[in-house]
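J.: Those protein sequences? They're chains L and Y, same order as listed. This note's numbering applies: residue 15 is where the first sequence begins, and numbers increase by one. This note's numbering applies: residue 15 is where the second sequence begins, and numbers increase by one.
Treat each hint with caution, since some may be false.
As the list claims (entries may be wrong) - Here are the computed lysine-lysine pairs in the BS3-like style, where the Cα-Cα straight-line distance is at most 27 Å:
| no. | chain 1 | residue 1 | chain 2 | residue 2 |
| --- | --- | --- | --- | --- |
| 1 | L | K181 | L | K44 |
| 2 | Y | K91 | L | K135 |
| 3 | L | K44 | L | K120 |
| 4 | L | K146 | Y | K146 |
| 5 | Y | K193 | L | K146 |
| 6 | L | K44 | Y | K44 |
| 7 | L | K120 | Y | K135 |
| 8 | L | K207 | L | K193 |
Stated by the list, open to error - A few chain Y residues facing chain L, derived, Cβ under 7 Å:
| no. | residue |
| --- | --- |
| 9 | R32 |
| 10 | V103 |
| 11 | A184 |
Hints in this document: simulated from the structure, not taken from any laboratory. Backbone N, C-alpha and C define an ideal beta-carbon position, used for all residues, glycine too.
Number of protein chains: 2
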Amino acid sequence: MRNEAIEGGAAGSALKGRVDAAVLDQLFYKARTHNAFLDRHVPDALLKEAVDITLQGPTSANQLPLRVVFVRSPEAKARLKDALAPGNVDKTMAAPVTAILAYDLKFYEHLPRLFPHADAKSWFAGNEAFAKASAHTNGTLQAAYFILALRSLGLDAGPMGGFDSAKVDAEFFPDGQFKSNILVNIGYGDDEKLFPRSPRFQPEEIVTFA
Amino acid sequence: MRNEAIEGGAAGSALKGRVDAAVLDQLFYKARTHNAFLDRHVPDALLKEAVDITLQGPTSANQLPLRVVFVRSPEAKARLKDALAPGNVDKTMAAPVTAILAYDLKFYEHLPRLFPHADAKSWFAGNEAFAKASAHTNGTLQAAYFILALRSLGLDAGPMGGFDSAKVDAEFFPDGQFKSNILVNIGYGDDEKLFPRSPRFQPEEIVTFA
C-alpha cells in the first residue's frame with residue numbers, strides 16, 4: 015500500500031492510497047504543541063482557509079456547531095487575559111493570534127439548510143441539555159479538525175484547556191448563545207523553545223480486537 | 015506558500031509549507047462519511063497504525079484517554095447490535111470493522127509516565143467529575159484524529175453517535191472504567207452508495223476577528 019497513488023474522481027473501484035510519510039510527520043509525528051512563535055505575520059486569509067478545511071470534517075447530522083473568534087488586537091488580547099490560567103498568560107499575550115473555539119447552543123436553527131434531507135432541527139429544539147451535549151461533542155471534534163487544518167497549512171498550534179470558560183463567555187459572548195471550549199494559540203512555532211516531546215502509548219496498550 | 019517544500023529537522027528557521035491539494039482532498043474536501051463498504055479486507059496492522067497516528071495528536075496534559083475496541087467477529091458484532099439506533103444496524107453489521115471509541119475514566123493513573131514533568135495525576139485523582147469531563151473532551155479530540163488517521167491511510171470512516179452508550183458499556187466495559195463515546199465503521203467505502211454531500215458554512219459565517 016505504501017505510496018500508492020491517490021485516485022480521485024472515479025467511482026466505486028478507485029481505491030485511495032496512504033499519504034506520504036512527510037504528511038504524517040507534518041500533521042502528527044513531528045508536529046508539536048508550540049508555546050512560542052516566530053515574528054512572522056499570519057494572514058487573515060490563511061486563518062479563514064483553516065476554518066474552511068475544518069468545516070469539511072464530519073459532525074453528527076452535519077451540525078457544524080463550531081464558532082471561532084480570532085483574537086489578534088492588543089485590546090482583544092487584554093480582554094482575554096484575565097480568563098487565562100497563570101501559566102497560559104505570557105504565551106497567549108505573545109502569540110500572533112489566539113483562536114477562541116466556541117460552540118453555538120442554537121446550532122440546530124441551521125439544520126434545515128445544513129441537513130436538508132431530514133427534520134434534524136426537531137431532534138434538538140426544545141431539548142437544551144441534549145443540544146448542548148451534542149454541540150460540545152461535535153464542536154470538540156471540529157476543534158481537532160482545526161488543529162490539523164492549521165498544521166496542513168504549515169501553521170503551528172498551541173491548544174489550551176487552561177482558562178475560565180465563564181469569564182471568556184461573559185467577555186466575548188455576553189448573550190449566552192455561544193460557549194467557549196478550547197483556546198488555540200496560532201503562528202509559526204519557534205522550534206528552539208519547544209519542550210521535549212512527551213511519551214505516547216504503544217497502540218497495543220489501548221487497543222483490543224473483538 | 016503553495017507547494018512550498020516541507021522542511022523537517024533543522025531548528026528555528028525551518029518553515030513548513032502547506033500540504034498538497036490532493037492531501038486536503040483525501041482528508042477533508044473529497045472525504046465522505048461512508049455507509050457501505052467494498053468487500054476488501056482491512057488488516058489489523060493497518061488499524062493499529064491508525065491508532066499509532068492518532069496517539070500523536072495533542073491532548074491536555076498528554077492524557078491520551080482514548081481506548082479502542084475493534085469489533086470484527088460476527089459474535090462481537092451481535093453484541094453491539096442491540097445498542098444501535100435502528101438506522102445504524104444494517105450498515106454496522108455489514109461493515110468490515112466497527113471501532114468502539116471509548117475513554118478511560120482512570121486515565122490519570124498513567125500520567126506519571128505520559129506527563130513526567132509535573133504531578134498531573136494529582137489534578138484529576140479524587141475529582142471524578144473533572145476527570146470524566148476532561149476524558150470526554152480529550153477522548154473526543156482523539157476520535158477526530160482517528161477519523162483523519164484512517165483517511166490518511168486510504169481507509170474510509172463512518173462515524174456514528176446514534177447508539178445507546180450505556181448498553182455498549184454494559185456489554186463491552188462491565189467494570190465501569192471505560193465509557194463508549196463514538197462508533198466508527200471502517201473499510202474501503204463504496205462510492206456508488208454515497209448520499210449527496212451536505213452543504214457547509216462559508217468561513218465568514220462562523221468567524222469573527224477581534
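J.: All hints are to be evaluated individually against the structure, with a verdict given for each.
T.: Now for the hints, and whether the structure bears them out:
Under the criterion of a C-alpha separation no larger than 27 Å, the hint pairing K181 (chain L) with K44 (chain L) is inconsistent with the structure, at around 34 Å. Distance restraint check for K91 (chain Y) and K135 (chain L): the Cα-Cα separation of roughly 31 Å exceeds the 27 Å cut-off, and the hinted pair is therefore not satisfied. Proposed proximity of K44 (chain L) and K120 (chain L) is contradicted: the alpha carbons are some 37 Å apart, above 27 Å. Taken as a hint, the K146 (chain L) and K146 (chain Y) pair is honoured in the structure, with Cα atoms around 17 Å apart against an allowance of 27 Å.
For the hint linking K193 (chain Y) to K146 (chain L), the alpha-carbon distance of about 19 Å falls within 27 Å, and the restraint holds. This hinted pair checks out: K44 (chain L) and K44 (chain Y) have alpha carbons roughly 25 Å apart, not beyond 27 Å. Between K120 (chain L) and K135 (chain Y) the alpha-carbon distance is near 36 Å, which puts this suggested pair outside the 27 Å criterion. Restraint check for K207 (chain L) and K193 (chain L): not satisfied, since their Cα atoms lie roughly 32 Å apart, outside the 27 Å limit.
This hint holds: R32 (chain Y) has a C-beta 5 Å from the nearest C-beta of chain L, less than the 7 Å allowed. Given the 7 Å rule on beta carbons, the hint for V103 (chain Y) is violated: about 17 Å separates it from the nearest Cβ of chain L. Annotation: A184 (chain Y) was flagged as interfacial toward chain L, and the flag is violated, the nearest CB pair being 15 Å apart, outside 7 Å.
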